[in-house]
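Trainee: Which chain is which? The protein sequence lines are A and B, in order. Sequential numbering of the first sequence, starting at 3, is according to our numbering. Sequential numbering of the second sequence, starting at 1328, is according to our numbering.
For the record, the hints were derived by calculation from the structure and aren't laboratory data. Just to be clear, a hint being listed does not mean it is correct.
Said to hold, decoys possible - 20 Å max Cα-Cα, derived DMTMM-like pairs, lysine to aspartate or glutamate:
(1) K1403/B <-> E1387/B
(2) K133/A <-> E1500/B
(3) K76/A <-> E1503/B
Said to hold, decoys possible - Here are a few chain B residues that sit away from chain A, every Cβ distance over 10 Å (derived from the structure):
(4) F1353
(5) D1382
(6) P1385
(7) L1448
(8) R1474
(9) G1496
(10) M1506
(11) I1507
(12) G1509
(13) G1511
(14) R1514
(15) S1518
(16) V1519
(17) F1591
For clarity, every value in this text was computed on a predicted model and none was experimentally measured. Even glycine gets a Cβ: it sits at the ideal position worked out from N, Cα and C.
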Amino acid sequence: MATITLDKINKVYANGYHAIHDLDLDIADTEFLVLVGPSGCGKSTALRMIAGLEEISGGEMRIGDRVVNEVEPKDRDIAMVFQNYALYPHMSVYDNIGFALKLAKTPKAEADRRIREAARVLELEEQLKRKPAQLSGGQRQRVAMGRAIVRQPAAFLMDEPLSNLDAKLRVQMRAEIAGLQRELGVTTVYVTHDQVEAMTMGDRVAVLKDGHLQQVDTPQNLYDRPDNVFVAAFIGSPSMNLFEGVLTLGGGGQEGSLTLGSQTISIPEKVFEERPGLAAYDGKPLIYGIRPEDMEDASLASQPAEPHIHGEVSLVESLGAEILVHFGVDAVPVDSGDPDAVVELGDTAVVVARFSPRSPIRPRQTAAVAVNSERISFFDPSTRLAIWD
Amino acid sequence: MMASSRGLNRKMLVAYGAMGLLGLFFLFPIAIMVIGSFKSDTVVISDQTSLSAFDPRPFEAVDNYRAAADTGNYFKSLRVSVVVSGVVVVGGLIVNSLCGYALARLRFRGQRVLLSIVVALVIIPFEAIAVPLLLMMSEIEWTNTIRAQFLPFIAQPLYIFLFYSFFRGLPSELEEAAMIDGAGPYRTFWSVLFPLAKPAYASAAILSFLYSWGQFLWPVMIARTEDVRPLPIGLTFFRGQPPIQWADLMAFATMMVLPVIIVFVIFQRQFVQGVATSGLKG
């Protein structure tokens, strides 16, 4: 058990590429921290630096009280689960799990007991004699986990361990890994590009972009109070809809308003009370975001007083429990900066809303959409930071 | 469905027939050599133009093989060939695989240049360097020695490249996992990479053994006396003692290819696997 501290960690590759910029993270003992971000954001590099597989160009890395910048991976008392599992193909499951114990010269009886215990926990007892090639994807994943837990390390490091599994198995293993981590109480750093994994598994989630830490907080706080445009768009699926608009301040019993292209959305006074910082933006352009789940088919809306917007429906995706409705508005969309997201910039924006499946809406109809304007997020157009105080 | 599977069968029959014929074509000289080694000398020549070439009678194998062993000094040459090929194969596997591994995995200054040089060297035929090499050997007074027959052939760019391709094809996470599990570089190589690279080792072993066992030009240039003559030179000298005893020569030749066949049979599976994998990856 240990804390992991990253203090102004930098990574600069030999070719001059600066992959990580002044990364500060304090990971508490027994905490499950998820590093998430789009491809190329430096999350795997950060994990590999904790593991000792990448040199640290600057800053200080501590595991427990020990500075580990120059410590060999094998002496860091960590275990790692790789994306492709990295099981030794020529060894049986038993030998794969026990390899580290063998190298550590653990007494045979003790090693055997621990291997069998790990196999029992992971339901691999029947597979101990098999080779990795004879196992299913899920079983291989478990062996990789077994190899990590058998060592009883100070920390688990996991690099997208579920990305090679099919969707159904991924959901199952997600719960199992999170459960196992809580049961064992081992500090865990988990890298993923899948924000659903990040939200469901982590005690806290650190969002990275281009090697810069954007925000580190609990999943709910990331969702409710994103620090900037990028985090707002990255967390949540489908993404938050982002637009440029002009705010007119309310107050003194009066509602404010916000432009959405040629339409306006009325903003209740409560919003301005909660976000005093908005006062400085009266009559000025800013960036704002509406989550798909904060919109509903106006004919079904529980609060008929909610402001409505209109747009022509281009696509309806039925997911059973909900439908995703894509409709066009003449507002200016905003690129969140996520390299994996596709935003067509121009004078029209496609809005995605999450409707109840009872909505009768069909493509090419004009939708009347109720917006829960109390939950709109506001950002400064130049700094792209959230506007609160 | 039925018709198409029957059509497929007919196609396969033709294919197998053609392959069988081709196989026989390659097998004939070997069969004539082995069968000829059992017959008397005059019969070998008189049977040449008829199917009796495949009839091992009159059976005089014992005399032929004895002549090859005694007059031909087979065992002296065998000893030289075994030492030379043995050192070339074993030494080559160690040196070339470590070289290939270093080029594939370690990051050091000049690594790419070194790799290009290795690749470029693959295409230089031995004949091109034979004379300078001979001058070198004579300079250090290594002519007419056994070590001059194996030392220049241990490091081979072709096998370095073969190992390089193989190790490049292995996911580097395997080594990283071993590192985290507590293995040092040598332990990682021995416990993780070597067992996985067995097919590559088998391919390199067979290819270098074949090359070394059949070496002719270099021993002709460097081996002067009987005690350093490998088998191909031994065979030539044996033939050079008139009158030419064809049956005895066949016996000598049969004994010469036997070790090759044994080695191939032992490593056959890994060899085929190795050719397949090292061909796919890289």
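Trainee: Would the non-interface assignment of F1591/B survive a Cβ cutoff of 10 Å against chain A?
Mentor: 24 Å, holds
Trainee: Take a quick look at V1519/B and tell me if its Cβ sits farther than 10 Å from every Cβ on chain A, holds or violated.
Mentor: Check fails; 6 Å does not lie beyond 10 Å.
Trainee: Does the no-contact call for D1382/B survive, Cβ to all of chain A over 10 Å?
Mentor: Given a closest Cβ separation of 49 Å, the condition holds.
Trainee: Tell me if the straight-line CA distance from K1403/B to E1387/B falls inside 20 Å.
Mentor: 23 Å, violated
Trainee: Examine each Cβ of chain A, and state whether all of them lie more than 10 Å from the Cβ of I1507/B.
Mentor: Per Cβ check, I1507/B is inside 10 Å of chain A; nearest 5 Å; violated.
Trainee: Are all beta-carbon distances from S1518/B to chain A longer than 10 Å?
Mentor: 8 Å, violated
Trainee: If you draw a straight line from the CA of K76/A to the CA of E1503/B, is it 20 Å or shorter?
Mentor: The hint holds at about 10 Å.
Trainee: At 10 Å, judged by beta carbons, does G1511/B keep clear of chain A as stated?
Mentor: 8 Å, violated
Trainee: Hinted pair, alpha-carbon criterion (20 Å max): K133/A, E1500/B. Please report holds or violated.
Mentor: Distance ~18 Å between K133/A and E1500/B Cα, so the pair holds.
Trainee: Once the closest CB in chain A is found, is it more than 10 Å from G1496/B?
Mentor: 12 Å, holds
Trainee: With 10 Å as the threshold, tell me whether P1385/B passes as away from chain A on beta-carbon distances.
Mentor: 54 Å, holds
Trainee: Is R1514/B truly not at the interface, in the sense that its beta carbon sits beyond 10 Å from all beta carbons of chain A?
Mentor: The claim is violated: R1514/B sits with its nearest Cβ about 7 Å from chain A, within 10 Å.
In the structure shown, a violation is registered for the earlier hints numbered 1, 10, 11, 12, 13, 14, 15 and 16, in ascending order.
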